[in-house]
Amino acid sequence: MLTVSGLGKQYPGASRPLFSHLDLGVSAGEIVALLGESGTGKSTLLNCIAGLETADSGSVGIGPQGLDIVRLGETARAALRARCIGFVFQAFHVLPTLTVAQNVALPLLLSQVAADEHVGRTQALLERVGLAGFGGRWPASLSGGELQRVAIARALVHHPALILADEPTGNLDPRTADGILSLFLERVREQAAGALIVTHSQQVAQCCDRILTLTPDGLV
Amino acid sequence: MTTLAWWLIRAQFRTRAAATCLSMLAIALGVALGYSIHLINEAALADFGRAMKVVQGDPDAVIAARDSSGGVPLATINAIARDPAVLAIAPVIETRVRIGNTGTPLRLIGLDVFSAAAVLPRLLPRNEGMTGGDIFGGRIFASPALLDRLGQRPGASVTLWRGDQRWQTTIAGDLPATGPDDLLLVADIAWVQEHFGPPDAVSEGRIRLAPDTDRANWRRDLAARLPADLLLRAAEDDQARVSNLSRAYRVNLNVLALVALLTGAFLVFATQLTAVAQRSTQFALLGVLGLSPRMRLLQVLLEGLAIGVPGALGGLALGYALALALTQRLGADLGGGYFSGSAPPIVPEVAPTLGFLTLGCAASLAGALYPAYLNRVQPLAQALKVGFLQHHRAGVPSHRRWRLPLLALSAFLMTRLPPAFDLPLAGYGSIALLLVLGVRSAPLLTQWLFGWLAARRLPAAQQIAVQNVAQAPLMAQVAASGLIVSFALTASMVIMVSSFRLAVNHWLDHVLPAPLYLRSKATPLPQDLLAGLERADAPFARVERMAQAALTIDARRPNVALLIRELERNNPAARLPFTGPLLTPPEDMAVVWVSEPMHEIYGIEPGQRLRLPLIGRVVDVFVGGIWRDYSRQFGAVTISRDDYLRLGGDFQPSDLALWPRPGQESAASDWLAGWTTGYGLELTDGIEIRHLSLSIFDKSFAVTYALEAAATLIGLFALAVTLAASVRLRARELATLGALGFDRRMLRRAVIFEGALIAAVGLLIGVACGIAIGAVLTHVVNPQAFHWRMSLAVPWLTVLGAAGLTLLAAVVASAYAAHQATRLPTAQILADVQ
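Protein chains in written order, with the working numbering: chain A, 1 to 220; chain B, 1 to 834.
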């Protein structure tokens, strides 16, 4: 689902590369945790994988066809993200001006899924994340845990090949975090998607299939 | 994608209802003004054209004398009638008479009923049982509108007056094909000729050519054979002349409407930019989820269009209603004085309606263009993390600074260009460049001002304000730009109008030297009155007489006025306000003094020898100088009565300037009262004329003031919207300051100070641009569009007072933004995760 080869990135003006010659693979159904100290470039690596930042070297193959996102143009990168990647963020990033159901349906709209499937798939996934009946509500009326459930539903609704998650429980209290993490892992495994989770939490990492640590010398 | 676009548009309308509705309203206002001006003018021109067609018929050509006091010899009419290409020629004599003591002279048209049937069918009288040549029988026919006005019916006996001559006749019937505004009398041409002259000529010959004739060639051949005092016009010349009559005025009003539309576009710009900035995280998320950059750009453009389409549609409806209301209340004149005050029907046509709809949408799209571009280029990862990233730096990079002098130079050079199509297009272009220059120079001034302030030791709140502006330069520039554009336009109009008013005031001092004025409007004054004024017992120390005629110099342009005045040939400056040197004419040559508009339109220079169509022939005259005239836009030529008489002219005064003997002012008024009531003459005093002139002047600029006030309000609103959005973007920073110990008052003070600083920058540049644009309006647009020149006079007190008031209003707008920014509890803002 994800094949990273020889990836390198150095910011202009920096004395040394943030990372270089990184190799990484995530198979279908595999959940990989990415640990590392602050400033080692975990989020930048995630951005490079998603095509939000441009890598200086290497390649990032995504999806069953292994399309190299580094070589694609901006529009094609956006289309690839819409089709093959689901995102979960620490800060939820749920659009406050759309209802819960509309938020969840966003990837379906962007990946050109037939309109008559939207309602069914959205409702089904909202039920799977424990938010049945929440579709017509506005995000402002939801708690943090509920907002992250919406984000998880949104990340999975279009059956992406790869899920990228950046500190998915970082903004939640430990009890809620546990619940959300279980739900997230369960749903990802259910869809047999590959997942890369950036986290500082050993507890989150322990729940994953594989743990990688990003250090100044590379992935360990 | 359509669903997502629709969701986002609906969300935008729901969350930013006030700003969105105001943007729509501004677009609607611009479209409404332009559309109503267009509808009214089209209606007025159509009505004028229809009235002209009633009187003139539908001829292929018209032959007439260039001088209104001349005529077309009957021999010429007969020669043309013999041409095999001519199907019919209808000779016409037109003069002005009064019925009873009615104040307004009426058009009396003498025609030959047989030839008129072929060329002027709408002027034919109702024929009930009368046949052939005895249809008139020494009687007259009146249009139904005139019968209504006079309260008369066919069969009534009436007295026609011209000067002190009277003719008793009967109204035999009406003119059924004339319109509801046509005040006309028709009589037999021989009868009119017998009573009014000229004996061996007619006013015009209206020609219908055989169907297979090459009309253009025929007209060209005949024109080449005609003597210089005669003119052959085509129907399209008359249409062009009617259109030229009000063209510059219409264009000027349309430019004002465009200004309103421009402010509308600016409001869309401010609204959309702040909307993009506020939703930057949301757009970044959509980008991360797969919304392509092109779609992010299109989304903002679509939102602009969603403002533009309803705005423009509303504008069309409002424009139509405005046109209906204005024509019903004020007629089709629009304050320009070019058309009669009738209320013609308003008929919208598809193409112009679609054109104005497109213009409204285009303005809205133009306003959304830059915000859409910014939305497209936002770096997703950073925007998702920290929100809107402002790409524009506060300062102007040094390698781009040469653009400012280049803009200034281009604006100056455009003022040196001549008019295009008789319109000051380069002048308008120069104004646009000056506005761009003002907006582009804002970062430079901001950089300088804030750099200087940052180095000062300021109280904490003010220090924060300075730093905030430094961190949000784009928002500051947008807020300042609104004030620069709106205040520059307002100040420039105030400066131009003030300069113009001052010039008119001085001019009136010069051209209204007498205490009393008497005029008979297009008919000669009674000889008895003129003789009475000569008598020693008349209570007047001095009387100056003037006669008027009209000259056609160019068939496609409105006529030039010929003023025959009692002036001293060697001292015309005693009565005419000359703008330049006065040249001494050769002894053996008649001298004329041309008005400034005539000099501008026809390029006539002092010292030039001119061939003028006077008294039925072409006469060589010497141009002695140019005088200022603000009352006749299409030009006037003044000749002394002595020169006119020497050339063989017949001096029939229609206007008098009167100086009562000292102490006999009341006796003079009493002396004149009998004449004014008996002959329907108009007596006014100089002070009254001055007041009336200045009141007409003020009324004609009332629309302009209203538009500029609206522009300033929009500018202020843009400042409030932008400032509020800018502050909202920094809500977390402000909340953090609150948590660190800034109380609400300090935070509010910081935001108000920030707004005041931005407004001060905008107003400073706005005043400078306003003066420059005022100079362009005064020295370029006015002379090129209306042929009026004047000196620039900046009303400093008004301009600076208005700037002070606007600054005050900006502080109030900032206070609103400050209130919005600080109304939520600090803890809530800090805890807010989206």
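Keep in mind that a hint or two might mislead.
Stated by the list, open to error - Example chain A residues on the side facing chain B (calculated, C-beta under 7 Å, incomplete):
#, residue
1, L95
2, T97
3, A101
4, V220
Claimed, not checked - These stretches of chain A come out as covered by chain B in the derived footprint (C-beta under 8 Å, 3 or more residues):
#, segment
5, 49–56
6, 105–113
7, 165–172
Hints listed in this document are in silico derivations from the structure and should not be mistaken for laboratory results. In this text, a Cβ means the ideal position worked out from N, Cα and C, and glycines have one as well.
Supplied contact hint for A/L95, tested at 7 Å Cβ to chain B: A/L95 check passes; min Cβ-Cβ to chain B is 5 Å, inside 7 Å.
Coverage claim, chain B over the segment 49–56 of chain A, checked by counting residues with Cβ within 8 Å (three needed): As far as the segment 49–56 of chain A goes, the hint holds, because 3 residues have Cβ atoms under 8 Å from chain B.
Within 8 Å of chain B (C-beta), three or more residues of the segment 165–172 of chain A: violated (count 1)
When the least beta-carbon distance from A/A101 to chain B is tested against 7 Å, hint result: Hint on A/A101: violated, closest Cβ of chain B at ~11 Å, above 7 Å.
Interface hint compliance - A/V220 to chain B, C-beta minimum distance less than 7 Å: violated, 25 Å
Chain B covers the segment 105–113 of chain A, three or more CB atoms within 8 Å, holds or violated: Held - the segment 105–113 of chain A has 5 residues with a Cβ nearer than 8 Å to chain B, which meets the minimum of three.
Hint validity - A/T97 Cβ closer than 7 Å to any chain B Cβ: Hint holds; A/T97 Cβ to chain B Cβ min 3 Å, cut 7 Å.
When each numbered hint is compared with the structure, violations occur for hints 3, 4, 7.
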